[in-house]
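Chemist: Next come the chains, spelled out residue by residue.
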Amino acid sequence: MEALERILADLAPAGPHAEARLRAAEQVRAHGVPSTRQEAWKYTSLASLKDVAYRAANAADGAALDAQALAALPLASASPHRAVLVNGRFRADLSTLDALPAGIRVHSIAAAAAAEAGQLAPVYAEEIRPEAVFTALNAALLDDGLIIEADADAHLDAPLHLVFVAAGATPLLRAPRVIVRAGRHARLRIIEEFVGQEGDRGLTNVVSDLALEEGAVLEHHRLQNEPDSTAQIGRVRATLAANATFNSDSVTFGGALTRIDIEVALAARGARCRLNGLFTTAGTQHVDHHTLIDHQVGDTHSEELYRGILDGRSRGVFNGKVLVRRDAQCITAHQASNNLLLSRQAEVDTKPELEIYADDVSCAHGATVGELDTQALFYLRSRGIDEAQARALLTYAFAEKVVETIPLDSIRHAIEERFIGAGALSELEALLEQS
Amino acid sequence: MLEIKNLHAEVDGKPILRGIDLVVRPGETHAIMGPNGSGKSTLSHVLAGREGYTVTGGSVTFNGKPLLELEPEERAGEGVFLAFQYPLEIPGGNNGYMLKAALNGIRAYRGEKELSAVDFLKLVKARVKAVGLDESLLNRPVNEGFSGGEKKRNEVFQMSVLEPRLAILDETDSGLDIDALKAVAEGVNALRDDTRSFIVVTHYQRLLDYIVPDYVHVLSKGRIIKSGGKELALELEARGYDWLTSEAA
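The listed protein sequences derive, respectively, from chains A and B.
According to our numbering, the first sequence is numbered sequentially starting from 1.
According to our numbering, the second sequence is numbered sequentially starting from 1.
Chain B extracted, bound-state conformation (with noise of 0.2 Å):
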């Protein structure tokens, strides 16, 4: 599904990864985990197309197709989807028409049908419910006044609404109380199935308690440094990086 290759990426002429390998097959989550700046979000930011980061090596394909060619609306289009760490606020932009906009654009791509207001409210209503929000949500201004729990599960509901191939959650637990954590977890394990995968990006091992991944990966100085199952997590949470890092060095 997705396969990054030798990823070399800067921003301001600053080297931030450094020869990233990754392999995501259909189905699998993986969690990349890695001390402050060692390259996490700008890997999730690549890989959404955000401007500002310059590719300088290497080569990402998503189902076939060379990912980094493709405009960020089209790469939503191909199913990529990213849940920012900081979800922007858009006062006077509204939240249904945003999600309505973002679905009828990724069909529209898709050669797919456009869906009425009737229709599209039909979809969406079973789902904010889903992740704990209420119906209210979708009238009011996107993100604006949400507390930090609610730009997350927002950002879920969303995931759940466009019903994306690989989701990248870009330290979606940052800033989280237990309970929003737990809240958004369940809105992401319920769409885990055969074919979608993950990309979880975190800091800490507490959110992979309840998103269990099926790989561990740790970045450091932007490289995957070390791989492994999920009780990789656990042994991070136990030592810090620090063993790691120093090895690697």
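In isolation and in its complexed conformation, chain A is listed as follows (with noise of 0.2 Å):
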């Protein structure tokens, strides 16, 4: 990628990590940019982006968009408590975190006081795999983002809402990093929304670190629904202490190509995780989900459920990985993986790993691909539903079951809304259940 060269030979940081930004470049010139020889990026080839004039995204691209401009974007969740990143930088003045309980703090990384910014030591310490290469990357040009912070036994009722909005007239790289540290038993929601302008090209590349202190409980909602022009590149990295809880969703909508790898650490006791995914891809889409759950330690317990639902000619990816460590016994680990394909242009690759050095474990493992079913569809026809309403109406259905996991009244909401329409569903629900 020639723009990517330009990008990491103009890179001039100041400040504290100045150095470690430059090691991190070199990192990535080091390993370039991977490509589909490597197994963890068989399915996913990075050649449309060679061609993009991409630029780092800068200061004054942050302030590219107001809140006019905001409003019009389709954000599918509200909250109090919101965080606006417009290409990379945090926007205060569109962000409203006054209303935060006491022992929940939230910091933009570039406005981060010098204790603050200790925290960041971690992103410049690590090395790199070659398959993450783009992770080095986010550190390179690591200028904004968030520290978010909960103390002992804090506890967020609503949840705490990231906006990312990609706005971007050129196109644009942008490296936004959220680290989350969750204390003792501390609670918390976190909703990473990512929305754009119509048309942009750029890449988002973003990085999440969530570190889970022993009883800490964190939900864990992401919604991608950038423009299908927009390029996505990002990583979730959750590490649990002694009987942690993360619960992750991840749903797909938007985006030309999407590459999410979400790595859970359960390391230590009672530690456990759920990760559910759901994609839906259109036209010539491809979104590839690698999730790793490493068990590290017995009595340790994972569920994972993705399902993705793709028509036209997209494409999807799913690669999970279960890793349960030598001698740790006690674990459980379930993953599911179902595929529909709503075309014949269509195209999925699931693959299930399992590597299991233990010998008392419960683990299984499951990968399906199908079609509608044609029976079901007369079925449905028959009563007097047309054809396309009773497709659509089949493919929420099978969309369900990850809806059912998913507990935040907004990403389910919106998922109905993509599906059957606005409350189409959820209307009728709710009467039924008041009768």
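Simulated from the structure, these hints should not be mistaken for laboratory data.
Please note: incorrect hints may appear among the correct ones.
Claimed, not checked - Heads up, simulated SDA-like pairs for lysine to any residue below, C-alpha to C-alpha not over 25 Å straight-line:
id	chain 1	residue 1	chain 2	residue 2
1	B	Lys129	A	Ala430
2	A	Lys401	B	Gly145
3	A	Lys321	A	Gln38
4	B	Lys221	B	Tyr241
5	B	Lys125	A	Ala430
6	B	Lys113	A	Glu429
7	B	Lys5	B	Glu78
8	A	Lys401	B	Pro141
9	A	Lys401	B	Pro91
10	B	Lys182	B	Glu135
11	B	Lys151	A	Ser426
12	A	Lys401	B	Tyr86
13	B	Lys230	B	Asn139
14	B	Lys151	A	Ala376
15	B	Lys125	A	Glu429
16	A	Lys401	B	Ser147
17	B	Lys129	B	Asp119
18	A	Lys401	B	Leu137
19	B	Lys151	A	Glu131
20	B	Lys122	A	Ala430
21	B	Lys230	B	Ala180
22	A	Lys401	B	Leu88
23	A	Lys401	B	Glu135
24	B	Lys113	A	Lys401
25	B	Lys122	A	Glu429
26	B	Lys113	A	Glu417
27	B	Lys122	B	Arg110
28	B	Lys125	A	Glu427
29	B	Lys151	A	Glu404
30	B	Lys113	B	Asn139
31	A	Lys321	A	Asp157
32	B	Lys65	B	Arg165
What the hints assert, rightly or not - Rough simulated footprint, nothing fancy, chain B against chain A, three-plus residues with beta-carbon under 8 Å:
id	region
33	369-382
34	386-396
Unchecked claim - If you anchor each label on the Cβ, the simulated ranges turn out as follows:
id	chain 1	residue 1	chain 2	residue 2	range
35	B	Lys182	A	His334	35 to 45 Å
36	A	His334	B	Asp177	30 to 40 Å
37	B	Arg165	A	Thr36	54 to 64 Å
38	B	Glu186	A	Asp409	36 to 46 Å
Even glycine gets a Cβ: it sits at the ideal position worked out from N, Cα and C.
Assembly of the complex is requested from the two constituent chains, each provided in isolation within its own frame, with the hints serving as guidance.
Modeler: The structure is reproduced here in structure tokens:
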């Protein structure tokens, strides 16, 4: 990628991490952009990004959007606690963080005091694997992002809504980082919602590092709804101490090319995670989810369900690795990947990967690829439902298994709206529950 | 109302219906009986418009319209309802929502206004109880985890909401115990009136004790080989099908 080389060559970081950033840039140069010859990138070619004239987003690019333009974007969620990043830069004027309860703090990385900036040290200390080169790129370009801290026993009722806006007249390379530390028995819910202005051709290279201390609970909702012209390469990493719980859902509607890696380290006994995902693609969209659940010790538990719905000539990838380390006994790890092809030209590659070095484990995985059931389609049509609606209804029914596991109305409603219309089902369900 | 003329149909190149003639007038209930493989279910499916059946001859008119030229949902709009022998399970598909979509689909076809969720619920709540089903069924996945009896009752419940002009019951009695059979029959009988017609497809006469037909037709090898009144069903019960099929051959 020529543009990338130029961006790295022009990199002139200042501040306490300047040297570390240059080292990260060096790592990027050394490894280069992944190719499909690498196992982790086998099904996702980055060739379509090669000739895009990216430039690194700067502070001025972050000022490129006003409140009115933000309001015009299709945000699925709303919360009293909102942090907005435009082209990777925190915008205090568009954010509302005044009502955060005691013990929960949100800072922009750019504005962070030196003491808080100490939290960035691990970002630069890590050795980068060649397949994770974009994480090094994010470190090299790390000008802004968010540091979110929850003290021990802190409890956030309403979700913390992080809005990432892609708004580039020219193709921008955005590199925000989110760092979350949830203290002992803290409970919080974070929504990462990605939206953008029509026609944006940028690349969102985002990394979220989540650390959960003992007994902490983090609900993490990710909604990728960038325009179908934007590319995104994202990574979510969570490290769980004893008895911590991490629940993640990753819903992808938008993007020309989306690659998301979700990595969870269950590092102490009693840690558990649930990873759910839903992606729906059309046209020539490409969505790749790689997940890694690392059961480092015994008595750790994971559940995973990913469903993909593919139309047009789109392509989907799911690679779900579960690693059970030596002598990590009394593990449960269940994984399912189900995919629905709505067109003959759509394609999905699904690959469960179990690596188990312990014997007292309960692990199961399953992967399916199917089409809409023609008999069910006829059943609905024979009742008076036209073909398009019958297909939509069956498609939503397929997604429902994931939807029901998402404990956040706004995301569920966004999925409902996408398939069968806003409120089409939830209004009826609500009425039925009242009676 | 329904006029079937010399209907021929095949599946995978194999002729199944070989010249069916049948006229059903408003308010009439016709039973179609016959041994396995006689074409009973094929006739039901051809009338409802299921894919995979090739009509090779003949015609079907329904209230003056060429039924075979209509899509399945258009046939429903015209007032045709097929109660399935094996109602489909749709995991994740909500019963109430499916039925609302069906009712509003039919209303749209007829140029009528859509029913709101509130009005829809008012309509269906009384009817779900009438077929002996719990109201909570409305908020459950379509037929998933239902017993055989519940599935058939759900078919009759849907029928009672969609109020078809012609209902075709495809072996609705199969797999039902006597209580479920009676409940289903009661649901059907409650819908019978001077204008609504029924085609009851069944292998056994048992169902016809509860849904008493005006006419009974015996189907064999894709043709109606005998027609008569309700007493024909009793005769079939006593003598089986052999005397007729050997007569026809």
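Chemist: Each hint needs a verdict: does it hold in this structure or not?
Modeler: A quick look at each hint next to the structure:
| no. | hint | verdict |
| --- | --- | --- |
| 1 | Lys129/B - Ala430/A | 20 Å, holds |
| 2 | Lys401/A - Gly145/B | 15 Å, holds |
| 3 | Lys321/A - Gln38/A | 16 Å, holds |
| 4 | Lys221/B - Tyr241/B | 12 Å, holds |
| 5 | Lys125/B - Ala430/A | 15 Å, holds |
| 6 | Lys113/B - Glu429/A | 22 Å, holds |
| 7 | Lys5/B - Glu78/B | 19 Å, holds |
| 8 | Lys401/A - Pro141/B | 11 Å, holds |
| 9 | Lys401/A - Pro91/B | 8 Å, holds |
| 10 | Lys182/B - Glu135/B | 20 Å, holds |
| 11 | Lys151/B - Ser426/A | 24 Å, holds |
| 12 | Lys401/A - Tyr86/B | 24 Å, holds |
| 13 | Lys230/B - Asn139/B | 40 Å, violated |
| 14 | Lys151/B - Ala376/A | 14 Å, holds |
| 15 | Lys125/B - Glu429/A | 14 Å, holds |
| 16 | Lys401/A - Ser147/B | 22 Å, holds |
| 17 | Lys129/B - Asp119/B | 17 Å, holds |
| 18 | Lys401/A - Leu137/B | 18 Å, holds |
| 19 | Lys151/B - Glu131/A | 52 Å, violated |
| 20 | Lys122/B - Ala430/A | 14 Å, holds |
| 21 | Lys230/B - Ala180/B | 22 Å, holds |
| 22 | Lys401/A - Leu88/B | 18 Å, holds |
| 23 | Lys401/A - Glu135/B | 23 Å, holds |
| 24 | Lys113/B - Lys401/A | 32 Å, violated |
| 25 | Lys122/B - Glu429/A | 14 Å, holds |
| 26 | Lys113/B - Glu417/A | 22 Å, holds |
| 27 | Lys122/B - Arg110/B | 21 Å, holds |
| 28 | Lys125/B - Glu427/A | 16 Å, holds |
| 29 | Lys151/B - Glu404/A | 24 Å, holds |
| 30 | Lys113/B - Asn139/B | 24 Å, holds |
| 31 | Lys321/A - Asp157/A | 33 Å, violated |
| 32 | Lys65/B - Arg165/B | 14 Å, holds |
| 33 | 369-382 | holds (count 9) |
| 34 | 386-396 | holds (count 7) |
| 35 | Lys182/B - His334/A: 35 to 45 Å | 44 Å, holds |
| 36 | His334/A - Asp177/B: 30 to 40 Å | 37 Å, holds |
| 37 | Arg165/B - Thr36/A: 54 to 64 Å | 59 Å, holds |
| 38 | Glu186/B - Asp409/A: 36 to 46 Å | 41 Å, holds |
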